[in-house]
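Going down the list, the sequences are from chains A, B and C. Residue numbers for the first sequence follow our numbering, so the first one is 1 and each next one is one higher. Residue numbers for the second sequence follow our numbering, so the first one is 1 and each next one is one higher. Residue numbers for the third sequence follow our numbering, so the first one is 1 and each next one is one higher.
Honestly, the hints are just simulated from the structure, not real lab data. Just so we're clear, the structure is a prediction, and the values are computed from it rather than from any experiment. Positions of the beta carbon are idealized from the N, C-alpha and C atoms, including for glycine. Please note: incorrect hints may appear among the correct ones.
As the list claims (entries may be wrong) - Label-pair restraints from in silico Cβ distances:
1) A:Ala446 with C:Ile54: 54 to 60 Å
2) A:Leu19 with C:Leu578: 40 to 46 Å
3) A:Ala166 with C:Arg541: 52 to 58 Å
4) A:Ala463 with C:Ile573: 34 to 40 Å
5) B:Pro263 with C:Ser549: 33 to 39 Å
6) A:Ala463 with C:Ala570: 51 to 57 Å
7) A:Leu19 with C:Ser549: 51 to 57 Å
8) B:Leu460 with A:Pro425: 58 to 64 Å
9) B:Thr52 with C:Arg541: 50 to 56 Å
As the list claims (entries may be wrong) - Partner residues are not named here, just some residues of chain C that face chain B (Cβ under 8 Å, in silico):
10) Leu59
11) Leu62
12) Met65
13) Leu66
14) Leu129
15) Lys148
16) Leu154
17) Ile160
18) Ser396
19) Ile539
Single-letter residue listing:
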Amino acid sequence: MGFIFTNVMSSYGLLAAVLLLVAATVCSQLIRSKRAALFTSMFMLAAAAAFSAHLILVSVSLSVISIISINMFSMLFVLLFAVAMMLVNVLSYRHSRDYTSFAMLASFSFAGIFIVATAASLISIFIGLEIMAITTAFMILSDGKHGIESATKFFILSSVSIAIFAFALALILPYSGQLQLSALSASAITGNYLIVLAIVLFAAALAFEAALFPFNLWTPDVYEGAPGNITALLAGVNKKVAFVALIEIFMVVLLAYKSVFSLLFLVLAIVTMFYGNIVAIVQKSVKRMFAYSSISQAGYIVIGLAAASAFGIEASIFQMVAHAFMIIGAFALILWLESRNIRSIDDYAGLNSRNRFAALSLSVLMLSMAGIPPLIGFDGKFLLFSSALSANMLALAVLGIINSFISIYYYARVINAMYTSKEHPRLMTDRHVAAVVIACLVVVVALGIYPQPLITLATQASAAILVL
Amino acid sequence: MFPIISAMLVIPIVGFVLIALLKERMSKGIAVASTAIVFALTLGLLIYSITTGNANLSESYSYISSFGIGLSFRLGIIPLILLFMSSIVLLATALSGNHENSRPRAANMLIMLFQIASIGLFTSANFFMFFIFWDIGVIAMFFMINVLGSANRRQASIKFLIYELLASALLLLAILMIYFYTPVHSFDIAYITSNIAMIPANVQGAIFALLFIAFMINMPLFPLHHWLPDAHTEASTQGSMLLSGILTKYGGFGMILLFGMMPVSHSWASYIALLAAFSTFYAVFLLMRQTDVKRIIAYSTIVEMGIVMFGITALNSLGTYGAVYAMLSHGLVVALMFLAVGSLKHLFGERDINILRGTVLNAKATTYTFLIGTLAMVGFPLSAGFIADILIFLGTLQSFGLLGLIPLGALILLGSYMYFVINRSMLATREHSRNVDYIGMQQRIGYAFLMFFIFLFGVLPFLLLNLVKL
Amino acid sequence: MVLPIFTVVLPLVVAAFLSLIVKGKPARYIALAGSLVSLGMVALLLSITSNAPISWFSLPGLSVMLTASTQPINLLLLQLIAAITPLIFIYSIGFMDVPSEQGRYYFEICLFAAAMMLFAIAGDFITMLIGWELLGVTSYLLIGFWYKKERPPLAARKAITTIIIGDVLMLMAALLLWNSYGTFSFASIISQGAAPLLPMAMVLVALAAFTKSAQFPFHEWLPDAMEGPTPVSAFLHSSTMVKAGIFLIMVLLPLFIAANMLPMLLIIGVITALIGVTNALAENHIKRVLAYSTIEDLGLMTVALGLGSLPAALTLFVVQTFYKALLFMSAGSIMRANNNEESITNLFVPSTSKALIIATIIGVLSLAGIFPLSGFFGKAGIESASNSIIVYAILSVIGFASSIYIFRWFLIPLRKQAQKRGVLANFRTLPKPMLAATYITAALVVYASLLYLGVLPWLSLTPAPIPIAAAAAETTITLIGLSVAYVAYMRLRLKKMSEAHRAAYLALYNNLAVNAAYSLIARLFNAIAWVVEGIDRNIYRAFRTGAISPILFARLLRRMEDGQANAYVAAFILGTLLLLIILVV
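So here's chain A without its partners, still in its complex pose (with noise of 0.2 Å):
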């Protein structure tokens, strides 16, 4: 059986889909149908998915246009991102206050994300990040009762974050020259101090997405405020891209300071960790509650970062691509839940009595973020702590081990509560919010108990990306 496409029209077809996906969608907004949003939000989304995928399965590795790059690395995640942007999208259409702007600003959103993920050069980098943080902004402003405060949050501080990252842009210019990706990591920035200044500007304005402590102090707050697709789209997308980011730039252009930067994201990632952890176990609303947890999940991918090797940023992709489906389907949840007005963990108790389905996937995602075998969660941090320990951080792999202990707790007790008997009426499962979780309940149980595939992947988007 032959591919129908050619490996260049199928990259050509990657770019159309999401053009044409922004024109749509703009279109659908001028016709206000809710339908035709989501038909051709999710056609389009579709299209990309299956163009990379289609790239993925031939593996193949071609720049098409100068700023776009096309390999393994930029091909899984345009499909991973394209496939939670679908989750999002069937969450949005029932849960959205006004579902046309949604997906308006989400494909736009999604262009941005696009460039991040393709990108062949740091001004690419730069681009994407901006559209997406304006997008998101955006996003958060149009729905939700705090949407305002929440979004100037927001806005306040990613206009700082990108504004350090220009200027970490500008303090790399005139040592390198250039600001394409393959050229920087061919020449060698020469040592400098600045660079140095650079490296921790960088790491700052991307801490920010990526939510990483102390760069996180908006996450809760914002978490909380907007309305739980936002949250499930911030979560589960936004803080991958910005990991992408930060693994583009650190792990090609500045992999001549390996050792200045491990040690930067050691420390990250281990107050990270504690932080999110820790002060998740005093939280009374689930979803501020998810905000930690997901703070937290974000400290163990910075491991593979610390690691700063192959097997490193395979882990760390790995876990990437485990945590979105595990923190989409729980916000999905969510969402659901606090449109029923569930929303501390009191309310949460006797869920299961109430709706079976929820209390048991609920259950298993957090399982899975606790890193309980045989659920992708684990395999993640698996590889994460061996990465760790391959890269002689023991220590770093013994903290991570003791956080992933301490997080039984907090997910405990929401189980716990869950499964506690109380007369409640029963809840009505809510189809859309049921898609979505299911769709992320196989991809954390079935790659949970066989990981094999995706860790071939990540391998290999991991190689792709350290040629580079």
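With chain A fixed as given, assemble chains B and C onto it according to the hints.
Frame of chain A, contents of chains B and C only:
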């Protein structure tokens, strides 16, 4: 050859899916069928091993190839004994543990999950699989307590989970360290055992400490035993049967692997023996303060596992096989006891020895079962515990001299308190607890089934022990 | 066909389980048939069985055999049990008339008899332990047979607690000997002689034997065990099970000699015998008097062993079996006729039931040691074996006192005349099987006497030689005792000893505070348990405090987020600076 181990693993998986999909009233039938088939398969394995005199078997499939992790299983005499024990206990649990047949779907699904874990754990040939099945078992047990337990189950289950996952966190760290410090990165237990010298001495010490504490929590030994009594008090009858009967054996099995694997254990053995002996007496004194029959049996688990640990620290084959035999015996006995206690609770709605009175009048079979369980618990001849005691204490005598006999003293205290319990609440006085129901045929079959094996392995110990070769 | 010797226990095991299944009345015939078959098998034993050891299990470093020993002493005990079991069953046909309980009753007794036989032929520690522990458990079950009453369960618990101690000590001893000798077999251990840990092991064996044979300080369970049915008292708690410990010491006597343990045996034996005899003087419960008497007899056997005289011990061992069984059987009949009255001061025996009185007199005279009845050979044999004047004096005092209490036991019920007509009628309608068994046992006592008189050939065992002087002294002392008892109880009509020596009497009546000491020990253990529990709670509390410390820390951290965007920007910049500092420094 027929891939019997993976077949054994597939059966509960199929059972799990079927229970989830089919009608709720069919779930018990499926669970019983699944455990019965696995029991039949292990019985077949046992008969095969006895007739050929060889218990070794292995299977391997590729799994996570980038780490060289295979789905590999290996069976020897020790895993075979524990596997057989667990299949007996699981069948009895599925058949008779749920007196009220409450929430059959959840209960039976969790039994299936636990069965997957147990089969996998006792047969796994590498530490990665060992760890995965360990955690599956722990989580299944957590839900058994949390979902099916009694009034205070929430706290008890969290306590259980925290202790057990601390154990599994240490276990994970240790196996990762083993993997990265062996020259050819490997999780394979046999490979690691033969190449343990490649790991630097101080790292070996750390790995040993991690694994030891992990297994010690699970067994449990003093001072990390606090999860067990609470977990038992709140767990359902089925949960308790599996918890004490099988889950605590994970740790015991791990200890045997650990002491067989790491020579560094030898320098610690005498201190650990002291700890084990202390734990035995400590638990027996705690036991003497309990009034809830279920808690009493729970503490007896700590007593017995202390003795098991003591046997392992003897570092000779008698002590080790004695420990295995003690786990076999204790698994069966404690399942029998919890089943009987479950029946008492079902019949009289009460488990406190200050309230239960004269149960023998209204629950003869259950009371006699309790009595026989008590006998087997203190190592009555012709029950498997007697053989275990002989082996363990011969082993420890060889290693520690006269001191090796001291933990036997705990059996005196254990036995006399058990008889006190029987006297106080089971034999008749003027007042007695009235029954509300009769005990079902399924429970009677469960009693008989467990007792049969307790005495089979006590009367015919050569069946298993003559398979032992060095 | 050659069968392993262990098959001798099979008829009784089969009978046990059959009676459990059949239940009700047929059970007694099954049990009786089982005991007769096993009696037949014992008779044919040597021709149809082999005593080759059976391998029980073996693994590297250990091979456990089940060995039978067919030494004369083993066969002697085997024959005693085989002979007495059918008698007990015959007696029980009359005694046990509650149909609903018969299945359980015969199950337990058959199992006991099987265990006792296994014990009797055991040639190694493991085989012995199987029998030994089964004895303990069946004894527990039988003492607590009337579990619906208040006291039997308590008595059963007291017995089993003592017995568990013995079981564990015996297991320890067996393991210890294996560690020194590399074998469990009695014969090969004895042939190897002394070893370093032998004294220790022998102390354990002796203590274990003391628990089962009711020696000081473990003797107090035996009087309480009288709560069991009378046939059980006649069988287990006087003639068979309680002698298991003594029997074991006899079998292992060379080792006790090698370990220099005879003085210890002597001292314990003397103390036990003294306690038994004095308590018997104060006791009024018809069966408890006999129980203390059994303690005294057992004490005397230990004394004989302590003196190193196996024949003397063995003689008493054999003769005591019959006369004590006889006395219990008569006691059972008397109690039943008196509507289960227990105190000798309230019992009476009408002079019309002559056969029963004669049978009882045979037993009483034999116990007191009147020549030529068998008890004489037992007591006089031990007295003549004594190696010092002090021992001899003590034994004489014991003999004197024992003749007083047994006559007291016999005379007080006899002196009353029938007041209630019902009781007289009861004596007339006593079940025939009970009486038949009693008379057969009386005949056996006489038969045993004839054996010792040399009328009949005895096995290959030589009875203890008794000098004429010793025999004369013994008889004199007994006769004085008899006269004293006669004067005190028939002429002066004393009801109790208390009227003469109140303080001494009370001390004896309260078992010399042995029971108080037991409960003190129990309380001590409870106190330890209480302390341990407190410690345990505090350890957990400490863990818990440690575990929740992150939560307290988290409450602090949470304050960092006050919802102010400028604070977040500040944190952002601070964080950047911090990272920079980390990298530069």
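For each hint, the structure was consulted:
no.	hint	verdict
1	A:Ala446 with C:Ile54: 54 to 60 Å	holds (57 Å)
2	A:Leu19 with C:Leu578: 40 to 46 Å	holds (42 Å)
3	A:Ala166 with C:Arg541: 52 to 58 Å	holds (56 Å)
4	A:Ala463 with C:Ile573: 34 to 40 Å	holds (37 Å)
5	B:Pro263 with C:Ser549: 33 to 39 Å	holds (37 Å)
6	A:Ala463 with C:Ala570: 51 to 57 Å	violated (41 Å)
7	A:Leu19 with C:Ser549: 51 to 57 Å	holds (55 Å)
8	B:Leu460 with A:Pro425: 58 to 64 Å	holds (59 Å)
9	B:Thr52 with C:Arg541: 50 to 56 Å	holds (55 Å)
10	Leu59	holds (4 Å)
11	Leu62	holds (6 Å)
12	Met65	violated (11 Å)
13	Leu66	violated (11 Å)
14	Leu129	holds (6 Å)
15	Lys148	holds (4 Å)
16	Leu154	holds (7 Å)
17	Ile160	holds (5 Å)
18	Ser396	violated (39 Å)
19	Ile539	holds (6 Å)
Checked against the numbered hints listed earlier, the structure breaks hints 6, 12, 13 and 18; every other hint is satisfied.
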